[in-house]
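There are 2 protein chains.
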Amino acid sequence: MKLLITGGGGFLGARLARTLLARGSLAGRPITRMVLTDIAPPPADLLADHRVEARTGALLSQTDALRDEPFDGVFHLASAVSGECEADFDLGLRSNLDSTRALLDAIRANVNAGGKAPRVVFSSSVAVFGPDPAVPLPALVADDTLPAPQTSYGTHKLICEHLVADYTRKGYIDGRAARLMTVTVRPGTPNGAASSFFSGIIREPLAGIEAICPVDASVSHPVSSPTRTVDGLIAVYEASREAFCGRTALNLPALNVRVADMLDALAEVAGSAVRARVRFERDERIAGIVANWPGGASATRASKLGLKPHTNFAEIIRQYIDDCAAAPNAAQTLKGLSQ
Amino acid sequence: MKLLITGGGGFLGARLARTLLARGSLAGRPITRMVLTDIAPPPADLLADHRVEARTGALLSQTDALRDEPFDGVFHLASAVSGECEADFDLGLRSNLDSTRALLDAIRANVNAGGKAPRVVFSSSVAVFGPDPAVPLPALVADDTLPAPQTSYGTHKLICEHLVADYTRKGYIDGRAARLMTVTVRPGTPNGAASSFFSGIIREPLAGIEAICPVDASVSHPVSSPTRTVDGLIAVYEASREAFCGRTALNLPALNVRVADMLDALAEVAGSAVRARVRFERDERIAGIVANWPGGASATRASKLGLKPHTNFAEIIRQYIDDCAAAPNAAQTLKGLSQ
Numbered sequence: 001m002k003l004l005i006t007g008g009g010g011f012l013g014a015r016l017a018r019t020l021l022a023r024g025s026l027a028g029r030p031i032t033r034m035v036l037t038d039i040a041p042p043p044a045d046l047l048a049d050h051r052v053e054a055r056t057g058a059l060l061s062q063t064d065a066l067r068d069e070p071f072d073g074v075f076h077l078a079s080a081v082s083g084e085c086e087a088d089f090d091l092g093l094r095s096n097l098d099s100t101r102a103l104l105d106a107i108r109a110n111v112n113a114g115g116k117a118p119r120v121v122f123s124s125s126v127a128v129f130g131p132d133p134a135v136p137l138p139a140l141v142a143d144d145t146l147p148a149p150q151t152s153y154g155t156h157k158l159i160c161e162h163l164v165a166d167y168t169r170k171g172y173i174d175g176r177a178a179r180l181m182t183v184t185v186r187p188g189t190p191n192g193a194a195s196s197f198f199s200g201i202i203r204e205p206l207a208g209i210e211a212i213c214p215v216d217a218s219v220s221h222p223v224s225s226p227t228r229t230v231d232g233l234i235a236v237y238e239a240s241r242e243a244f245c246g247r248t249a250l251n252l253p254a255l256n257v258r259v260a261d262m263l264d265a266l267a268e269v270a271g272s273a274v275r276a277r278v279r280f281e282r283d284e285r286i287a288g289i290v291a292n293w294p295g296g297a298s299a300t301r302a303s304k305l306g307l308k309p310h311t312n313f314a315e316i317i318r319q320y321i322d323d324c325a326a327a328p329n330a331a332q333t334l335k336g337l338s339q
Numbered sequence: 340m341k342l343l344i345t346g347g348g349g350f351l352g353a354r355l356a357r358t359l360l361a362r363g364s365l366a367g368r369p370i371t372r373m374v375l376t377d378i379a380p381p382p383a384d385l386l387a388d389h390r391v392e393a394r395t396g397a398l399l400s401q402t403d404a405l406r407d408e409p410f411d412g413v414f415h416l417a418s419a420v421s422g423e424c425e426a427d428f429d430l431g432l433r434s435n436l437d438s439t440r441a442l443l444d445a446i447r448a449n450v451n452a453g454g455k456a457p458r459v460v461f462s463s464s465v466a467v468f469g470p471d472p473a474v475p476l477p478a479l480v481a482d483d484t485l486p487a488p489q490t491s492y493g494t495h496k497l498i499c500e501h502l503v504a505d506y507t508r509k510g511y512i513d514g515r516a517a518r519l520m521t522v523t524v525r526p527g528t529p530n531g532a533a534s535s536f537f538s539g540i541i542r543e544p545l546a547g548i549e550a551i552c553p554v555d556a557s558v559s560h561p562v563s564s565p566t567r568t569v570d571g572l573i574a575v576y577e578a579s580r581e582a583f584c585g586r587t588a589l590n591l592p593a594l595n596v597r598v599a600d601m602l603d604a605l606a607e608v609a610g611s612a613v614r615a616r617v618r619f620e621r622d623e624r625i626a627g628i629v630a631n632w633p634g635g636a637s638a639t640r641a642s643k644l645g646l647k648p649h650t651n652f653a654e655i656i657r658q659y660i661d662d663c664a665a666a667p668n669a670a671q672t673l674k675g676l677s678q
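Protein chains in written order, with my numbering: chain A, 1 to 339; chain B, 340 to 678.
Simulated from the structure, these hints should not be mistaken for laboratory data.
Hints are not guaranteed to be accurate.
What the hints assert, rightly or not - In silico lysine to aspartate or glutamate, DMTMM-like type, Cα no more than 25 Å apart, as pairs:
hint	chain 1	residue 1	chain 2	residue 2
1	B	Lys509	A	Glu53
2	A	Lys308	B	Asp471
3	A	Lys170	B	Glu577
4	B	Lys643	A	Glu69
5	B	Lys509	A	Glu69
6	B	Lys455	A	Glu86
7	B	Lys509	A	Glu84
8	A	Lys170	B	Glu543
9	B	Lys455	A	Asp45
10	A	Lys116	A	Asp45
11	A	Lys170	B	Asp437
12	A	Lys170	B	Asp570
13	B	Lys509	A	Asp90
14	A	Lys116	B	Asp622
15	B	Lys509	A	Glu284
16	B	Lys509	A	Asp174
17	B	Lys341	B	Asp622
18	A	Lys116	B	Glu425
19	B	Lys647	A	Asp132
20	A	Lys304	B	Asp471
21	A	Lys116	B	Asp429
22	B	Lys509	A	Glu204
23	A	Lys335	A	Asp323
24	A	Lys170	B	Glu425
25	A	Lys2	B	Glu425
26	A	Lys170	B	Glu408
27	A	Lys170	B	Asp427
28	B	Lys509	B	Asp437
29	A	Lys116	A	Asp88
30	B	Lys509	A	Glu86
31	B	Lys455	A	Asp72
32	B	Lys455	B	Glu423
33	A	Lys116	A	Asp216
What the hints assert, rightly or not - Computed far set for chain B versus chain A, every beta-carbon distance over 12 Å:
hint	residue
34	Ala366
35	Ala481
36	Glu581
Ideal Cβ positions, reconstructed from N, Cα and C, are used throughout, including at glycine.
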């Protein structure tokens with residue numbers, strides 16, 4: 001089978017690609033070809049795989065060519081992040097809304113020309129939820145909680161959920177939208193996401209660097225590890241339409257955790273000296289955005305697909321440390337552990 | 340003040356224009372200029388008003404010019420109807436999604452160039468609601484019921500609700516989305532809407548013509564008269580942001596009525612000979628679409644704005660007969676009453 005992963009050069013996309021290539025098959029069919037699109041090329045190990053073809057450039061510049069190219073399956077992960085979309089309204093519209101529309105229309109053109117409708121997994125986000133005077137947020141946002149997004153990022157994700165549902169209804173795709181929780185711990189450097197610090201307050205101290213937490217320790221948030229997130233995307237792909245249950249989006253499982261608990265887990269796993277590298281310094285802009293996010297999420301439909309959240313944050317930190325230890329730059333990323 | 344009404348040549352748009360011109364003011368300000376855009380020109384009485392300027396053509400072909408033209412207020416009513424959108428996917432995307440986006444972006448360009456953000460009322464629809472295996476429909480859909488649209492029309496309306504909310508959040512417009520119930524009794528000839536028969540089974544018998552009802556008499560539906568619908572759009576425009584309550588869309592008031600009750604009211608108002616002109620002949624395509632519509636709606640937020648539904652369908656029929664009697668073609672439209 002031939003797969004397309006948009007955002008396939010990014011952290012999550014590359015991890016999904018790596019996982020799928022290692023499995024060798026998806027939904028019972030061997031993966032013979034995998035196209036990765038992204039604004040930057042994917043990591044070298046992926047480029048070295050003979051099944052992989054990387055295409056570098058904005059997705060919107062690549063969709064015209066996709067009209068003539070059939071795929072069996074698509075993971076649509078490409079996206080500008082929340083902070084970027086708040087700072088640049090046009091960028092958000094272009095990267096998150098127009099690109100998705102163009103991708104869906106390229107697939108539709110292919111199907112209209114006689115191609116088979118591919119299975120499409122769209123990575124939506126817990127950011128579709130937010131409080132509104134007419135819609136107070138529940139303690140845990142559920143699959144069927146009414147979304148009232150408070151960012152352009154969340155708005156575009158929600159809009160694309162509904163495009164995916166309607167293109168599915170019309171038979172152009174077999175689409176499923178899965179709402180990702182905040183993926184933690186992300187490796188590398190901070191990105192433009194307002195949620196970036198949820199990774200930073202773990203990653204930086206482990207690397208021996210001071211980290212600033214821009215929100216109060218009492219802030220609660222639904223998070224998921226990279227591994228569980230990738231597992232979730234694959235399970236959603238492999239689910240039958242009946243098991244997916246309808247066309248509306250589902251929540252992927254979350255560990256609902258307070259910042260204070262994250263830091264306690266850091267002390268437990270890595271010691272109090274590492275924990276001490278996190279300093280609280282409130283950033284009103286970020287705190288304001290985060291205040292409009294749900295404190296936790298439930299995932300009833302995902303649990304019926306066999307997906308489970310981590311039960312404690314220490315597990316997530318240990319997974320990150322294991323990932324780092326296996327990578328060539330372990331001396332840097334885990335420098336804080338030996339100090 | 341200068342107003343724009345898109346879809347201003349259509350039945351509801353022209354009626355809104357006429358009502359506003361007769362009032363002479365909106366939200367306390369005199370109406371000095373009113374631009375009506377539509378694919379067809381508005382009725383002669385509107386064209387004769389010195390405040391009115393008609394612009395004929397698809398909205399999408401007019402939005403570029405709007406980038407340099409400030410408006411104080413906008414009623415965005417232009418839309419392809421549900422049946423058309425189901426039959427022609429591209430038409431639906433273009434007329435209902437791309438046109439709204441282009442209109443909002445034209446306004447945004449104007450505001451970015453120093454203009455004042457206009458107040459914008461977007462006419463959404465009860466068609467945003469539908470059943471999904473994960474989201475069963477309640478007996479009455481409420482302001483905060485989770486929308487799961489089952490048509491492209493409903494999907495695009497819902498998407499535009501969220502665009503309006505986000506452009507409002509960013510300060511480009513002061514936007515409000517109001518979900519219209521099925522407007523009954525529409526004058527004229529059947530249109531492409533799957534709901535067209537809700538008017539036809541009253542209008543045709545009154546004109547002395549046989550009408551076919553394509554669904555069972557037990558089908559219940561939320562309807563509203565043209566007058567109450569126009570009153571609703573104006574009240575939503577005039578509401579303060581606080582009174583509108585948040586940025587999510589609200590339901591306009593509905594009379595929730597069964598087809599059987601509509602026909603009983605017709606017999607009551609116009610006599611059993613008129614009622615006898617309605618024949619039941621099930622149309623699977625239309626019945627299938629209607630089966631995915633809610634049987635009724637509530638309108639808590641609209642009632643706080645002082646808006647009320649009719650209490651019985653006979654009132655709505657009498658309003659229609661009064662409208663017809665005042666029009667030049669009363670001999671045709673009410674021919675069935677004298678037979």
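Now for the hints, and whether the structure bears them out:
1. B:Lys509 <-> A:Glu53: 39 Å, violated
2. A:Lys308 <-> B:Asp471: 24 Å, holds
3. A:Lys170 <-> B:Glu577: Outside the cut-off at roughly 39 Å; violated.
4. B:Lys643 <-> A:Glu69: 53 Å, violated
5. B:Lys509 <-> A:Glu69: Judged against 25 Å, a Cα distance of about 38 Å means the pair is violated.
6. B:Lys455 <-> A:Glu86: 21 Å, holds
7. B:Lys509 <-> A:Glu84: 14 Å, holds
8. A:Lys170 <-> B:Glu543: 33 Å, violated
9. B:Lys455 <-> A:Asp45: 53 Å, violated
10. A:Lys116 <-> A:Asp45: Cα-Cα ~31 Å, so violated.
11. A:Lys170 <-> B:Asp437: Distance of about 19 Å is within 25 Å: holds.
12. A:Lys170 <-> B:Asp570: 36 Å, violated
13. B:Lys509 <-> A:Asp90: Status holds; Cα separation ~12 Å.
14. A:Lys116 <-> B:Asp622: 30 Å, violated
15. B:Lys509 <-> A:Glu284: Holds, because 18 Å separates the two Cα atoms, which is no more than 25 Å.
16. B:Lys509 <-> A:Asp174: Not satisfied, since the Cα-Cα distance of roughly 34 Å exceeds 25 Å.
17. B:Lys341 <-> B:Asp622: 45 Å, violated
18. A:Lys116 <-> B:Glu425: 21 Å, holds
19. B:Lys647 <-> A:Asp132: 24 Å, holds
20. A:Lys304 <-> B:Asp471: 17 Å, holds
21. A:Lys116 <-> B:Asp429: 19 Å, holds
22. B:Lys509 <-> A:Glu204: 33 Å, violated
23. A:Lys335 <-> A:Asp323: 14 Å, holds
24. A:Lys170 <-> B:Glu425: Given that 25 Å is the threshold and the Cα spacing comes to 9 Å, the pair holds.
25. A:Lys2 <-> B:Glu425: Distance of about 31 Å is beyond 25 Å: violated.
26. A:Lys170 <-> B:Glu408: 38 Å, violated
27. A:Lys170 <-> B:Asp427: 11 Å, holds
28. B:Lys509 <-> B:Asp437: Since the Cα atoms of lysine 509 (chain B) and aspartate 437 (chain B) sit roughly 20 Å apart, the hinted pair holds (cutoff 25 Å).
29. A:Lys116 <-> A:Asp88: 37 Å, violated
30. B:Lys509 <-> A:Glu86: Holds, at about 9 Å.
31. B:Lys455 <-> A:Asp72: The hint is violated at about 49 Å.
32. B:Lys455 <-> B:Glu423: 35 Å, violated
33. A:Lys116 <-> A:Asp216: With a Cα-Cα distance of about 50 Å, the restraint between lysine 116 (chain A) and aspartate 216 (chain A) is violated, given a limit of 25 Å.
34. Ala366: 21 Å, holds
35. Ala481: Check fails; 10 Å does not lie beyond 12 Å.
36. Glu581: Non-interface label fails for glutamate 581 (chain B): nearest chain A Cβ at 8 Å, not farther than 12 Å.
Checked against the numbered hints listed earlier, the structure breaks hints 1, 3, 4, 5, 8, 9, 10, 12, 14, 16, 17, 22, 25, 26, 29, 31, 32, 33, 35 and 36; every other hint is satisfied.
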